[in-house]
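K.L.:
Sequence:
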Amino acid sequence: MGGARRVPWRDWAEWDRVRVGLCGDDPQARDASIARVADWRRRGRVPHAVDCTASLLETRSLDAGVPGNVGNVGSGGAPLSENMLRLAYAAALVRMVNGAVDPSQKGKYAAPVMTLAKRMGIPAVLVDVRMAASHQEMPALALLRHASERALQWLFERYWHAQANQLRELRRGAQRAAQDLVRAE
Numbered sequence: 000m001g002g003a004r005r006v007p008w009r010d011w012a013e014w015d016r017v018r019v020g021l022c023g024d025d026p027q028a029r030d031a032s033i034a035r036v037a038d039w040r041r042r043g044r045v046p047h048a049v050d051c052t053a054s055l056l057e058t059r060s061l062d063a064g065v066p067g068n069v070g071n072v073g074s075g076g077a078p079l080s081e082n083m084l085r086l087a088y089a090a091a092l093v094r095m096v097n098g099a100v101d102p103s104q105k106g107k108y109a110a111p112v113m114t115l116a117k118r119m120g121i122p123a124v125l126v127d128v129r130m131a132a133s134h135q136e137m138p139a140l141a142l143l144r145h146a147s148e149r150a151l152q153w154l155f156e157r158y159w160h161a162q163a164n165q166l167r168e169l170r171r172g173a174q175r176a177a178q179d180l181v182r183a184e
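The numbering of the sequence shown is numbering that gives the first Met the number 0, which starts it at 0 and goes up by one.
Incorrect hints may appear among the rest.
Unchecked claim - Computed cross-link-like contacts, DMTMM-like style, restricted to lysine to aspartate or glutamate with a CA-CA straight-line distance of at most 20 angstroms:
1. K117 to E136
2. K105 to E81
3. K117 to E156
4. K117 to D127
Think of the hints as simulated: they come from the structure by calculation, not from any bench. Everything numeric in this text was worked out from a predicted model, so none of it was measured.
Put together the whole structure using the sequences plus the hints.
P.N.:
Now the structure itself:
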């Protein structure tokens, strides 16, 4: 485990409430968690996975094509065009992939993003969408929706669930240590 890092949440209980909201199916809890991440952004030092999860979920909440959503309405109640929705998805996905692989770029020459992503278990479709959105024709909305689902699955598994499991293990270890201390007295 590395050194201490400053984080924008008050404590791990607050982080866990946000995790439950972002990873769950309750739209109100999701929206409240997205709003909490917006607060964290103002404080700074938001981990990349947290920022990307909230961005992807916020974009999906604006998409009338996602089951359970009212419609693609932007600020002021104006409907988002399909192009604006595609741009929002693309930006969130490009940031997710780049931010995940960039720390792995080491050495004099840049390694291919696909190679780094494959090592990290990032689905190839996300790298393909990143490449198309950055350098080619903007991907179709259906593909962007699919890619956002895959990105969220990856973020939930690789960050949110992994971090929650690590916290549980740390708590168990602390409880065992406390019990050992009590028994030793």
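K.L.:
Would the hint linking K117 and D127 be met if the CA-CA limit is 20 angstroms?
P.N.:
holds, 12 angstroms
K.L.:
Given the hint that K117 pairs with E156, test it: the Cα-Cα distance must not exceed 20 angstroms.
P.N.:
Cα-Cα ~16 angstroms, so holds.
K.L.:
Going straight from one Cα to the other, do K105 and E81 come out at no more than 20 angstroms?
P.N.:
violated, 38 angstroms
K.L.:
Starting from K117, check that the Cα of E136 is at most 20 angstroms away, please.
P.N.:
The hint is violated at about 23 angstroms.
Violated hints, in rising order: 1, 2; the structure is consistent with all others.
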